[in-house]
Amino acid sequence: TMVNATGQTVYSSAVSGFVGKFNRRIGKSGLPSGMYLLQIRHGKEFFVKKVMVSL
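Just remember that the working numbering sits 1029 ahead of the position in the sequence shown, which is counted from 1.
If you are wondering where the hints come from, they were derived from the structure by calculation, not from laboratory data.
Keep in mind the model is a prediction, meaning the values are calculated, not measured.
It cannot be assumed that every hint is accurate.
Claimed, not checked - Distance ranges between label pairs, derived from CB positions: (1) 1041 / 1074: 15 to 21 Å; (2) 1084 / 1050: 25 to 31 Å; (3) 1056 / 1036: 20 to 26 Å; (4) 1035 / 1078: 17 to 23 Å; (5) 1084 / 1048: 32 to 38 Å; (6) 1054 / 1079: 17 to 23 Å; (7) 1048 / 1079: 24 to 30 Å; (8) 1064 / 1041: 14 to 20 Å; (9) 1083 / 1045: 28 to 34 Å.
Stated by the list, open to error - Each computed DSS-like pair below joins lysine-lysine, with the alpha-carbon atoms no more than 25 Å apart: (10) 1079 / 1057; (11) 1050 / 1078; (12) 1079 / 1050; (13) 1050 / 1073; (14) 1073 / 1057.
Quick reminder that beta carbons are idealized off the backbone N, C-alpha and C, glycines included.
Generate coordinates for the entire structure from the input sequences, incorporating the hints supplied.
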């Protein structure tokens, strides 16, 4: 899930059944420039990374 500065979800996706490394490209069309939080949940683990979008 990716959320904007106000906490609104701007992208969400679920993936299951993969083993090893997983890559997914997220298009930035329609997203205004700014800071976003990318939230990743894997089992009981939860990761949050800051993402900067600039056009």
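Hints and how they fare:
no., hint, result
1, 1041 / 1074: 15 to 21 Å, "18 Å, holds"
2, 1084 / 1050: 25 to 31 Å, "29 Å, holds"
3, 1056 / 1036: 20 to 26 Å, "21 Å, holds"
4, 1035 / 1078: 17 to 23 Å, "18 Å, holds"
5, 1084 / 1048: 32 to 38 Å, "36 Å, holds"
6, 1054 / 1079: 17 to 23 Å, "18 Å, holds"
7, 1048 / 1079: 24 to 30 Å, "28 Å, holds"
8, 1064 / 1041: 14 to 20 Å, "18 Å, holds"
9, 1083 / 1045: 28 to 34 Å, "32 Å, holds"
10, 1079 / 1057, "15 Å, holds"
11, 1050 / 1078, "17 Å, holds"
12, 1079 / 1050, "20 Å, holds"
13, 1050 / 1073, "18 Å, holds"
14, 1073 / 1057, "28 Å, violated"
The structure shown violates just one earlier hint, number 14.
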